[in-house]
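Model the full structure from these sequences, guided by the hints.
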Amino acid sequence: MARHQPNRRLATLLDEADWNPAELARAVNSLGQAQGLALRYDRTSVAHWLTGSRPRPPIPDLVASAFSRRSDRLVTTEETGLAHPGRQSDDSLPEGPEGTDDVVNELTILSRADADPARRAPLIRPAYNIAPPSTPNWTSEHPTVAAPRRSGNRVTPQEVETLQEMSRVFANLMERHGGAHARSALATYLTDDTSRLLLAPATPSLRRQLFTGASQLTHLLARMTMDAGYPSLAQRYFTAALHLARQAEDRRVYAITLRAMSLQALRLGFQKRAWQLADAAVDTAGPSADPATLSFLLSQRAVTHAYSQQRRKAVDDLAAAEVQHDRATSPPGPFSSYPRAGLEYQRGQMLLALGDATRAAEALASSAAARSDDRHRSNALTHARLAATLLPLGRLEESCLHWHVFLDHYPNLRLAPAEQALRHLRESLRPFRRQTQAATVLHRARAVTRTSPDR
-13 MARHQPNRRL ATLLDEADWN PAELARAVNS LGQAQGLALR YDRTSVAHWL TGSRPRPPIP
47 DLVASAFSRR SDRLVTTEET GLAHPGRQSD DSLPEGPEGT DDVVNELTIL SRADADPARR
107 APLIRPAYNI APPSTPNWTS EHPTVAAPRR SGNRVTPQEV ETLQEMSRVF ANLMERHGGA
167 HARSALATYL TDDTSRLLLA PATPSLRRQL FTGASQLTHL LARMTMDAGY PSLAQRYFTA
227 ALHLARQAED RRVYAITLRA MSLQALRLGF QKRAWQLADA AVDTAGPSAD PATLSFLLSQ
287 RAVTHAYSQQ RRKAVDDLAA AEVQHDRATS PPGPFSSYPR AGLEYQRGQM LLALGDATRA
347 AEALASSAAA RSDDRHRSNA LTHARLAATL LPLGRLEESC LHWHVFLDHY PNLRLAPAEQ
407 ALRHLRESLR PFRRQTQAAT VLHRARAVTR TSPDR
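In this note's numbering, the protein residues as written are -13 to 441.
To be clear, the hints were calculated from the coordinates, so they are not data collected in a lab.
The structure presented is a predicted model; accordingly, all values stated were derived computationally and were not measured.
Any given hint could be a false lead.
Unchecked claim - Within a straight-line C-alpha distance of at most 20 Å, the following computed DMTMM-like cross-link-like pairs (lysine to aspartate or glutamate) qualify:
no.	residue 1	residue 2
1	K258	E2
2	K258	D302
3	K299	D342
4	K258	D276
5	K299	D265
Unchecked claim - Label-pair distances were calculated between CB atoms; the ranges are:
no.	residue 1	residue 2	range
6	A104	P378	44 to 54 Å
7	P317	D269	49 to 59 Å
8	R105	R140	32 to 42 Å
9	T37	H410	36 to 46 Å
Ideal Cβ placement from N, Cα and C applies to all residues, glycine included.
This is the structure:
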């Protein structure tokens, strides 16, 4: 039996990060928890890695991510010395926007495998990758969407309208029931219907609209995949959405997708990456973008500034987002409007990151009050965030009231953030279980969990 060789690469990274083995283990466990993995590594695990053993995927990717976050530079899996020989990247999507058929075919392969439960497991196993997406140079000349090599019936304006309508349908389903609901249906729709249209003959104008519509649907599938708790697969769909938006020469949808990727990075704990993506989103849209889009993008950059304790930049961006929101006249739609409730939620997030929990609670309360009752997803997550904010302020009764609203919406939902919120409810209220308000919420949470369908 071959003897393991000491992993000098890993030892060098530990020295660079000024970490001991226990600290690396805790960082990996934390990243795993953010990505839905229950890990229990400790210093002895890292000691085994240092002597040459290799953990199973996706742990080597998580180790690289932990070092990347610690050292403020991109650390690849290969640099850790933990990569398994012969392992290839799971990300088969093209690196650049060129090659219309390649982009469509690769997306079709991915979505077809995702729609099949028997083939999905390898797609959801990898860890989130913090490597940045390639950013196109929008000032350089870019060819219009290439004509397909296939012959057949030409795309009609009615088919483009149907594609746009499906974006509204799936966005509405996600808001009402969470992204894990009907996610496979959208993957199937992309595989069967959308890919056929993208490869069919069409006028240049209709083809650009088709690629914009396909980018929006892929963006929605990425968000639904985030809701399902599959961060790496969501990232692949976001990357595909970027490629499709570039093919359509649609800076606005490209920027909106970068903003969603920033939100994902922030939720997973990659604060600098989140800021880079939010900043790229604002730059991509440019100052001539419509006010609703600018408000949407600036509010996310404000939050990322706040997480880096850049108070002045955060406040300035949120003020600019407020100005743009007041100017907005865009029609309703998942990619055209930005509701006031969303802006107030971002204000609350920014203030929380800056340490002003009292004002954050006020902003979150304003956001909750502006939510439509049938939007179970945003209602549940807003009330959960507000409840979690109020409790450390000593406002137990108010916190419990908002946890009750969260539980009102919870049975309608299938999404990982709601499950995380439910766990936080139990953990945060357990010390108060002898108090009537908290005991009632905890009892109801147990009942809701028992009667809810499998998630």
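Against the structure, the hints come out as follows:
1. K258 / E2: Roughly 19 Å separates the two Cα atoms, so the pair holds.
2. K258 / D302: holds, 19 Å
3. K299 / D342: OK: K299 and D342 at ~16 Å, within 20 Å.
4. K258 / D276: violated, 27 Å
5. K299 / D265: holds, 12 Å
6. A104 / P378: 44 to 54 Å: With a Cβ separation near 45 Å, A104 and P378 satisfy 44 to 54 Å, so the hint holds.
7. P317 / D269: 49 to 59 Å: The hint (49 to 59 Å, Cβ to Cβ) is violated, given that P317 and D269 are roughly 26 Å apart.
8. R105 / R140: 32 to 42 Å: Given range 32 to 42 Å: holds, Cβ gap about 33 Å.
9. T37 / H410: 36 to 46 Å: holds, 38 Å
In this structure, the hints that do not hold are numbers 4, 7, in rising order.
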